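Student: Residue strings, one per chain:
Number of protein chains: 2
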Amino acid sequence: MKILIIGGGGMVGQKLAHNLARTGKLNNQAIKEITLADAFAPPALSTPASFEISLVTADITNADIASSLISNKPDVIFHLAAVVSGEAEANFEKGYSVNLDGMRNILEAIRLTGNGYKPRLVFTSSVAVYGGPYPDVIDDDFQLQPRTSYGIQKAMSELLLNDYSRRGFVDGVGLRLPTICVRPGKPNKAASGLFSNILREPLVGIEAVLPASKSATNIFASPRSAVGFLLNAATLDTAPLGDRRSMMMPGVWGTVGDEIDALRRVAGDKIVALIKHEPDPAVEKMLSNWNFPNFSTDRAKALGFRCESTLDEIIQVHIDDELGGKIPGLNT
Amino acid sequence: MKILIIGGGGMVGQKLAHNLARTGKLNNQAIKEITLADAFAPPALSTPASFEISLVTADITNADIASSLISNKPDVIFHLAAVVSGEAEANFEKGYSVNLDGMRNILEAIRLTGNGYKPRLVFTSSVAVYGGPYPDVIDDDFQLQPRTSYGIQKAMSELLLNDYSRRGFVDGVGLRLPTICVRPGKPNKAASGLFSNILREPLVGIEAVLPASKSATNIFASPRSAVGFLLNAATLDTAPLGDRRSMMMPGVWGTVGDEIDALRRVAGDKIVALIKHEPDPAVEKMLSNWNFPNFSTDRAKALGFRCESTLDEIIQVHIDDELGGKIPGLNT
Chain A
1 MKILIIGGGG MVGQKLAHNL ARTGKLNNQA IKEITLADAF APPALSTPAS
51 FEISLVTADI TNADIASSLI SNKPDVIFHL AAVVSGEAEA NFEKGYSVNL
101 DGMRNILEAI RLTGNGYKPR LVFTSSVAVY GGPYPDVIDD DFQLQPRTSY
151 GIQKAMSELL LNDYSRRGFV DGVGLRLPTI CVRPGKPNKA ASGLFSNILR
201 EPLVGIEAVL PASKSATNIF ASPRSAVGFL LNAATLDTAP LGDRRSMMMP
251 GVWGTVGDEI DALRRVAGDK IVALIKHEPD PAVEKMLSNW NFPNFSTDRA
301 KALGFRCEST LDEIIQVHID DELGGKIPGL NT
Chain B
1 MKILIIGGGG MVGQKLAHNL ARTGKLNNQA IKEITLADAF APPALSTPAS
51 FEISLVTADI TNADIASSLI SNKPDVIFHL AAVVSGEAEA NFEKGYSVNL
101 DGMRNILEAI RLTGNGYKPR LVFTSSVAVY GGPYPDVIDD DFQLQPRTSY
151 GIQKAMSELL LNDYSRRGFV DGVGLRLPTI CVRPGKPNKA ASGLFSNILR
201 EPLVGIEAVL PASKSATNIF ASPRSAVGFL LNAATLDTAP LGDRRSMMMP
251 GVWGTVGDEI DALRRVAGDK IVALIKHEPD PAVEKMLSNW NFPNFSTDRA
301 KALGFRCEST LDEIIQVHID DELGGKIPGL NT
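Residue numbers (the working numbering), protein chains in the order written: chain A, 1 to 332; chain B, 1 to 332.
Worth double-checking, as some hints may not be accurate.
In silico DSBU-like links for lysine-lysine, alpha-carbon gap of 30 Å or less [what the hints assert, rightly or not]:
#1 Lys73/A with Lys94/B
#2 Lys73/B with Lys94/A
#3 Lys118/B with Lys2/B
In case anyone wonders, no lab produced these hints; they're calculated from the structure.
As the structure is a prediction and not an experimental result, all values here were calculated from the model.
Please put together the full structure from these sequences, using the hints given.
Tutor: Set out below in C-alpha cells:
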C-alpha cells in the first residue's frame, strides 16, 4: 500500500499522516510508503513510522511535476492542496491555477498512466460549493451554484472527478468538508478562519477579534473528524456513489453566538471575555454568501461518515488534541 | 456594434448571421461588423449585408488565437462552438480541449483585455448539463450532475461564466439549449441527431433509421427559435440573472413516438413509412442518461425567451424555412 498526500504539509495532511504513521495500516493493508507533497517543503513527522515517509516539494500547477508525483503509482491519493477561499477571491489567477489546473493535472497524470492504473483519489471539496438562496435544509440533491471563485473551482473539480471516475480512469471520492474547527496554529487566509480564531485564541489567553455578526452561521467538524472522513473515504465501497462522487460531510451547525455559548460552557466567562467584536463589512459580505442552513448529509451518514454532535464536543477535541487536556487561558 | 460569432460556420451560427445581416441591427443599434469564426473556414453568407462580414478560421483551443479573436473588442460575442456530445464521449481529450479550454481561453482573453472591456457573452450550454435520476418536472433549481463528458464540460463552462460575470470581467448569459430540431443538413455526431434525422430524411423522401425506442424522450426547439434565444440573450437586461447566468430554454417536450405522430399529422402516412426501427443498444444507453421529463423554464420565460408550442409547429417551421413550404417526399 503506497499513499500520496498532496497538501501533505498542511494542517489536515499532517494530522492524516500522523494517524497513518501510528496505525501503519489502511484498509487492513500494511502501508509501505507515504509521500507528503506540498508547494512548500512539508515538515517531517514526529510520529515514528515502520515505513518510509518521503517529503516532496511539488508545484501541481506544473503538469510534469504533477505527473512525477504519480510515477510510483500510489494506491491511494489524498488531494488536499488548495488555495483557500479568501486568497482565491483576492488572487483570481492563483486560485484557478492551483484549485482547478492542479486538480486537472493530477487527474490527467493518472489517466495518462494507463495500463489499468486506477487509484482511489480522495479529494477535499468544500461546503463553499453551495451558494444561496438556501432552503431550510440543504439535502444531497441541492444545486451547486457557488458565489465565490473558490467555490466555483471546487465545484468544477467535483465535476471533473465525476467524469474521470465514470470513464474508469480513477476511483474518486469527493468530500465537501464543513468548516474545520477548531483549526490549530496561526490563522490562514480562509474567510472561514474567524470561526476558529474566536475559540482558539481565547483558550490560550489571547484576545481574538470577531469581525462578523453573532448571527453568522456555519457548519463545523473538528480536525480529528476531518481525518476520520479521509480515512473512511479511502476505504469505503464506492459502488453506491454511482456517477456522483462528492457529497457533503456531516457537521455541527451553529451560529457564532452558539460557538460563544459553547465556549462559555466549556471554558467559562473569563475566556469568552477575550473575544472582541469589531464588525468588518468586507468579511460580513463574504459570509453572507455562506449563510448556511443545516444540512441533511444522508449520503455521507449512510456511508459511515461521522463527526461530533455538539460545539462543546468540538471545543473539547481541540483542548484534548492540541492543548494536552488543559485550558492555558485560565491561568493567564 | 461589433459582433463576433464563434462557431459561426455551424448551422445555428450561420442562421444567426443571416438574421443579423438581414436586419442590420442588434438591440436597436446598427451593426458595423460581424466576424464569423470557426475551426474550419466558415461559409460566406448569401444574405447581402450593409456592413463588413469577416470569415476567420480560428482554433480556440490555442490561447493566442482565442485572444486574437477578441482584439477588436467586439461588443457582443456569441460562443456557439463545441465538440458535440457523441464526439466528446468518443474523444475525451478533444472534448475537454474545445469545450472547456476553448471557453476558458475566450474568457481569459476578455479578462486580460481589461481597460473596462466587458462584452456581452452569449454562451450555448445544453440540456445535457442535467443527469438523472429526474423529478417529474425539472425546475430552474435542479442540480447539475451530468452523466456525459459533454454535459460535464458544459456545466463547468457555466460555472466559469458565472464567476467571470460575478467578478465583472464579462456580462455573460448561458442558454441551456433544448435539442435543436429539425436540424437541417447532414447528420452530425451529436447523439441527439436521431431526433432530427427521423423527421428530416422522410420529408424529402429518404429512409431514416430510428436506433432508439419510441419511448425515448427529449425536449425540442426549432433552429428559428434557437436564433430567437440568442438574439434575446444578446439584448436582455442581465441584472435579474444575479450570479446564476445560465438557464434552461423553453422547448417542446415529447417522445420519439410523439415526433412520429406529429410527422403523420403534418405529412401523412407515406412519409412516416420511411422511418425504419433498428434499435442500437449503444444509442439507447446514451439516451437513457437523458430521459428527460418536462422542464418548467420559468426563469427563461420571465426573461422573454419563446419557442414553439407543439411538435407539429416545429416540423412546419422546418418545411417553411428549409423546404420552401413544400414536402418533397410526397412526390417521390
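Student: Going through the numbered hints above, which ones does this structure break? Give me the numbers in ascending order.
Tutor: none
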